[in-house]
Amino acid sequence: MSDATAGNLSQAAAEARREDAAQTGPMLAADGRPLKRSLNRALRAQKLRALALIAPLLIFLLVTFVAPILDMLFRSVENQIVSETLPRTVIALDGWDATDLPDDATYAALAHDFKEAAERRIHTRLGSRLNYEATGLSSIFRRSGRGIDGVGEPYADQFAALDPAWEEPATWIALMADPDWISEQADWLEAAQDTPEPAFRLVPGIADVLPETTDAYRSFARTIQTTGRTPESPLTKEPWATVYLALYRDLSGATGADIGAYSGPGATRLQTAADAVAGFETIPLRDAFAEVADGWVQMPVWTTIQTFSDPYTAGYFLAAVDLQLTPQGIEQVEDNQRIYLTLFKRTMVLSLTIMGLCVILGYPIAYLLSNLPMRTSNMLLILVLLPFWTSLLVRTSAWKVLLQQQGVINDLLVWIGLVGDDARLTMINNQTGTVVAMTHILLPFMILPLYSVMKTIPPSYVRAAKSLGATNWTAFWRVYFPQSVPGIGAGCILVFILSIGYYITPEIVGGRTGIFISNRIAFHISDSLNWGLAAALGSILLALVLVLYWLYDKIVGIDNVKLG
Amino acid sequence: MNGEWGLPSDTQDTFVSFDRVQKSYDGETLVVKDLNLDIGKGEFLTMLGPSGSGKTTCLMMLAGFETATHGEILLDSRPINNIPPHKRGIGMVFQNYALFPHMTVAENLSFPLEVRKIGKSEREAKVMRALDMVQMGDFGGRRPAQLSGGQQQRIALARALVFEPELVLMDEPLGALDKQLRETLQFEITKLAHRLGITVVYVTHDQTEALTMSDRVAVFDDGRIQQLDAPDVLYEQPQNSFVAQFIGENNTLTGRVAEMHADMCVVRLDDGELIDAVPVNVSAVGDRTQVSIRPERVEMNKDRLAPDAHTLKAEVLEFIYMGDIYRTRLRVAGHENFVVKTRNAPDQPRLKPGERIEIGWHPQDCRALDA
Chain A
1 MSDATAGNLS
11 QAAAEARRED
21 AAQTGPMLAA
31 DGRPLKRSLN
41 RALRAQKLRA
51 LALIAPLLIF
61 LLVTFVAPIL
71 DMLFRSVENQ
81 IVSETLPRTV
91 IALDGWDATD
101 LPDDATYAAL
111 AHDFKEAAER
121 RIHTRLGSRL
131 NYEATGLSSI
141 FRRSGRGIDG
151 VGEPYADQFA
161 ALDPAWEEPA
171 TWIALMADPD
181 WISEQADWLE
191 AAQDTPEPAF
201 RLVPGIADVL
211 PETTDAYRSF
221 ARTIQTTGRT
231 PESPLTKEPW
241 ATVYLALYRD
251 LSGATGADIG
261 AYSGPGATRL
271 QTAADAVAGF
281 ETIPLRDAFA
291 EVADGWVQMP
301 VWTTIQTFSD
311 PYTAGYFLAA
321 VDLQLTPQGI
331 EQVEDNQRIY
341 LTLFKRTMVL
351 SLTIMGLCVI
361 LGYPIAYLLS
371 NLPMRTSNML
381 LILVLLPFWT
391 SLLVRTSAWK
401 VLLQQQGVIN
411 DLLVWIGLVG
421 DDARLTMINN
431 QTGTVVAMTH
441 ILLPFMILPL
451 YSVMKTIPPS
461 YVRAAKSLGA
471 TNWTAFWRVY
481 FPQSVPGIGA
491 GCILVFILSI
501 GYYITPEIVG
511 GRTGIFISNR
521 IAFHISDSLN
531 WGLAAALGSI
541 LLALVLVLYW
551 LYDKIVGIDN
561 VKLG
Chain B
1 MNGEWGLPSD
11 TQDTFVSFDR
21 VQKSYDGETL
31 VVKDLNLDIG
41 KGEFLTMLGP
51 SGSGKTTCLM
61 MLAGFETATH
71 GEILLDSRPI
81 NNIPPHKRGI
91 GMVFQNYALF
101 PHMTVAENLS
111 FPLEVRKIGK
121 SEREAKVMRA
131 LDMVQMGDFG
141 GRRPAQLSGG
151 QQQRIALARA
161 LVFEPELVLM
171 DEPLGALDKQ
181 LRETLQFEIT
191 KLAHRLGITV
201 VYVTHDQTEA
211 LTMSDRVAVF
221 DDGRIQQLDA
231 PDVLYEQPQN
241 SFVAQFIGEN
251 NTLTGRVAEM
261 HADMCVVRLD
271 DGELIDAVPV
281 NVSAVGDRTQ
291 VSIRPERVEM
301 NKDRLAPDAH
311 TLKAEVLEFI
321 YMGDIYRTRL
331 RVAGHENFVV
341 KTRNAPDQPR
351 LKPGERIEIG
361 WHPQDCRALD
371 A
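The listed protein sequences derive, respectively, from chains A and B. According to UniProt numbering, the residues represented by the first sequence are 1 to 564, in order. According to UniProt numbering, the residues represented by the second sequence are 1 to 371, in order.
Hint data in this document are derived by calculation from the structure and do not stem from the laboratory. The structure presented is a predicted model; accordingly, all values stated were derived computationally and were not measured. Incorrect hints may have been included.
To be verified - Simulated coverage check for chain A against chain B, where a stretch passes if three residues somewhere in it have a Cβ under 8 Å from a Cβ of chain B: (1) 454 to 463; (2) 474 to 487.
Said to hold, decoys possible - Over the 10 Å line for every Cβ pair with chain B, so calculated as not near, a few chain A residues: (3) 96; (4) 278; (5) 281; (6) 370; (7) 415; (8) 469; (9) 470.
Said to hold, decoys possible - From the structure, some residues in chain A lie toward chain B, with a derived Cβ separation under 10 Å: (10) 466; (11) 467; (12) 468; (13) 471.
C-beta: ideal position from N, C-alpha, C; glycine also.
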């Protein structure tokens with residue numbers, strides 16, 4: 001290369017540098033595209049590859065972990081069961097002022113809702129749900145499932161007495177059903193019945209004539225079409241008694257029905273019935289329901305239904321903090337039923353205690369381990385890990401043997417003479433038992449991160465501190481300890497989070513006073529089946545952990561956590 | 001040689017003294033064997049040796065992190081064996097600096113003053129002065145991790161000096177730095193040490209570092225001081241073959257003493273040729289000896305040698321051009337690694353492999369050492 005070209009080149013390079021410096025827009029790559037975009041393009045393949053590598057785990061987690069958790073969280077506010085099971089009642093109760101029992105229309109709505117629910121066998125489920133809010137509702141609902149027909153039967157009988165045709169399914173079909181549907185249904189009945197049954201359709205206009213009857217009949221038709229092992233056809237089945245109740249209410253003018261406008265099949269029979277209903281023997285619906293279950297003429301069942309009629313409710317969350325939703329607003333539950341706040345507090349306090357004990361017991365061990373020669377420390381580390389290789393249940397049960405009143409420790413104390421035979425210590429089935437057993441079980445989770453952090457602190461730091469004039473204690477406290485804080489942080493987070501969710505150990509050694517909130521959650525999941533409350537308790541626990549995590553980040557800094 | 005290394009008569013008072021010190025870790029082998037060493041006030045003494053030679057152990061015993069198994073260490077004529085490290089008042093610079101990562105630079109420097117309960121304003125003044133001393137005045141607020149290796153080293157140095165110790169120990173402080181930075185810092189450390197008048201005990205395995213920085217160098221091997229001398233003496237007059245091999249580049253020929261005079265001897269090499277040498281630790285005719293000669297003292301021009309000097313025949317095996325010098329590898333008396341360094345000068349011939357030449361040297365440059 002000649003000197004001239006070299007000179008030119010360096011001049012060009014200098015110009016390029018000047019251009020770069022002068023350029024104010026985005027940096028450009030050699031081909032003139034923005035550098036950022038080129039870089040992204042170059043990295044995309046790499047990112048996709050990384051994504052592909054984690055995809056199996058990601059999908060696994062989403063399906064088996066994230067989705068169920070979200071579903072569980074959703075359950076803590078979800079309350080559609082009331083408005084889905086008793087839709088008409090919920091609407092009827094909308095403007096109810098809760099000063100006196102609701103009106104006849106509401107009772108009628110309840111009768112229709114309840115009949116359908118009972119036929120679909122979902123009334124007991126709603127009963128259990130509402131029983132969480134007011135005890136006794138479950139049994140009212142269960143009993144009403146059997147007796148609900150009694151509300152409509154007097155009317156069914158009287159219509160039948162008036163004109164036996166009212167007992168005929170055909171009469172009702174002619175009145176209610178869309179002719180097209182009738183022929184479809186007839187075809188279906190004659191055929192092999194292996195295709196889905198054509199869904200019942202109303203004849204147009206009938207809803208204006210007999211609003212409540214139409215609604216009740218459609219409910220009847222759809223329900224029998226879709227429930228039961230063998231679907232039934234409205235063509236061949238007499239309507240429910242509640243349909244006759246609706247017919248009576250329509251004909252007696254309680255619902256704004258317009259019989260005169262009707263001229264379809266059976267118009268005369270309808271008119272005859274309309275003229276006759278005034279002479280019907282009736283009992284108020286309220287009294288009829290009192291026959292079914294006397295709970296229906298008391299306020300609690302109605303206020304509860306009204307209060308929990310929204311599709312979403314804060315009820316579970318309120319219950320989880322010992323509050324309840326009443327028509328008067330949010331109130332504390334009665335003294336003897338307040339358990340959750342105590343449990344939350346106990347879970348927190350005991351978890352913190354266990355965490356603190358783990359730090360106090362684990363720190364010196366980790367320190368010793370990290371300062372021993374590799375061979376010895378590996379040996380001792382195996383001892384630390386030994387509990388991991390024993391079943392959790394075995395370890396917990398072992399504590400039971402050790403701590404109980406006739407157990408090893410008490411025997412020993414009595415034998416030494418420290419404790420009288422009549423004053424044996426109670427160390428199990430209370431908080432002491434929980435704390436002792438859980439500290440033992442969780443100790444390795446503290447020691448391991450501490451050890452791995454301490455292992456990385458070179459001994460030269462402490463030596464340097466001493467050479468600078470620090471006493472052993474100062475050197476430890478001002479130089480060694482601050483560097484071991486990330487290990488303490490990691491250990492504390494591990495132990496604390498594990499311990500507030502702990503379940504088996506408190507269950508076995510905790511007795512009544514040593515159980516945790518998770519035991520309660522487990523109870524609601526598997527025994528009381530109140531999943532909504534369990535979900536609310538779980539959500540609160542999750543929120544608490546997140547808050548503490550956030551606090552930890554604020555105070556110590558999350559980048560100050562090191563697992564090794 | 002019995003391992004007694006006192007002070008040269010013309011130097012100052014003894015400041016540090018090792019008196020028959022032994023150290024064993026396992027009770028079976030001695031890492032330090034009978035160490036006797038006096039270090040003068042204000043002296044820059046380097047302990048040089050291969051790893052495992054006991055030099056760092058000596059330093060750690062002096063600092064108080066290891067206890068001597070036997071013998072006494074005196075600091076300013078006080079025995080310090082039972083004084084814990086933090087009361088010895090010895091500044092120390094560690095191999096990996098050991099700057100406290102959770103403190104800022106200023107806090108690091110302030111630490112030794114805080115533990116000495118020095119008031120805040122005085123502390124700040126001293127920290128500032130120490131930082132200025134190592135030209136790091138603007139870095140007080142930084143964390144050690146934000147500094148380069150060289151900067152960390154300066155801070156470590158400032159921290160060891162900030163509480164004004166009279167003795168500073170340095171354990172291979174420049175080992176992790178690149179060559180250029182190392183040279184700069186070598187110069188700065190010596191300058192600083194002399195300016196402050198502190199005594200420095202410096203441990204290294206880098207012989208260039210030892211030669212350029214120290215007043216005296218103690219060459220350690222096998223738990224003993226092999227030689228303790230000023231750098232030039234060490235280089236030019238090695239007392240045994242280990243020192244000759246360890247310090248600088250060295251050519252070794254083996255043979256037996258053939259004639260013994262007062263300050264001169266003749267050595268018969270293994271292939272029968274005769275050479276002149278200074279007898280260093282050979283005592284009688286017939287002793288096995290390793291003859292040591294520095295590559296730059298080998299003469300290829302016969303005119304510069306005494307007329308009766310013995311010369312050897314040599315064959316050029318390799319010629320390496322290194323810029324300022326030529327490095328020529330020869331086969332001499334059956335040894336294939338005989339190296340000659342010549343200055344790149346106009347009159348100096350560039351030899352070619354295969355050429356046969358004759359080489360010789362001034363007898364005083366050639367030392368007959370132990371075999």
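Here is what the structure says about each hint:
1. Coverage of the segment 454 to 463 of chain A by chain B holds in this model, with 4 residues showing a Cβ closer than 8 Å to a Cβ of that chain against a need of three.
2. A count of 6 residues in the segment 474 to 487 of chain A with a Cβ less than 8 Å from any Cβ of chain B is obtained; the coverage claim is therefore met, three being the minimum.
3. Separation of residue 96 of chain A from chain B is adequate, the least Cβ-Cβ distance of about 66 Å exceeding the 10 Å criterion.
4. With a closest Cβ-Cβ approach of about 94 Å to chain B, residue 278 of chain A is found to remain outside the 10 Å limit, as its non-interface label requires.
5. The Cβ of residue 281 of chain A sits about 92 Å from the closest Cβ of chain B, beyond the 10 Å cut-off, so the non-interface label holds.
6. Interface exclusion of residue 370 of chain A from chain B stands, the closest Cβ pair being 17 Å apart, more than 10 Å.
7. Against chain B, the non-interface label of residue 415 of chain A holds: every CB pair exceeds 10 Å, the least being about 44 Å.
8. Not every C-beta of chain B lies more than 10 Å from that of residue 469 of chain A, the closest at about 5 Å, which undercuts listing it as non-interface.
9. Interface exclusion of residue 470 of chain A from chain B breaks down, the closest Cβ pair being 5 Å apart, not more than 10 Å.
10. Annotation: residue 466 of chain A was flagged as interfacial toward chain B, and the flag holds, the nearest CB pair being 4 Å apart, inside 10 Å.
11. Because the smallest distance between the Cβ of residue 467 of chain A and any Cβ of chain B comes to about 4 Å, under 10 Å, the interface hint for this residue holds.
12. A distance limit of 10 Å between C-beta atoms decides the matter here; for residue 468 of chain A the minimum to chain B is near 4 Å, and the interface restraint holds.
13. Proximity of residue 471 of chain A to chain B holds as hinted, the smallest CB-CB distance being about 6 Å (cut-off 10 Å).
Checked against the numbered hints above, the structure violates hints 8, 9; every other hint is satisfied.
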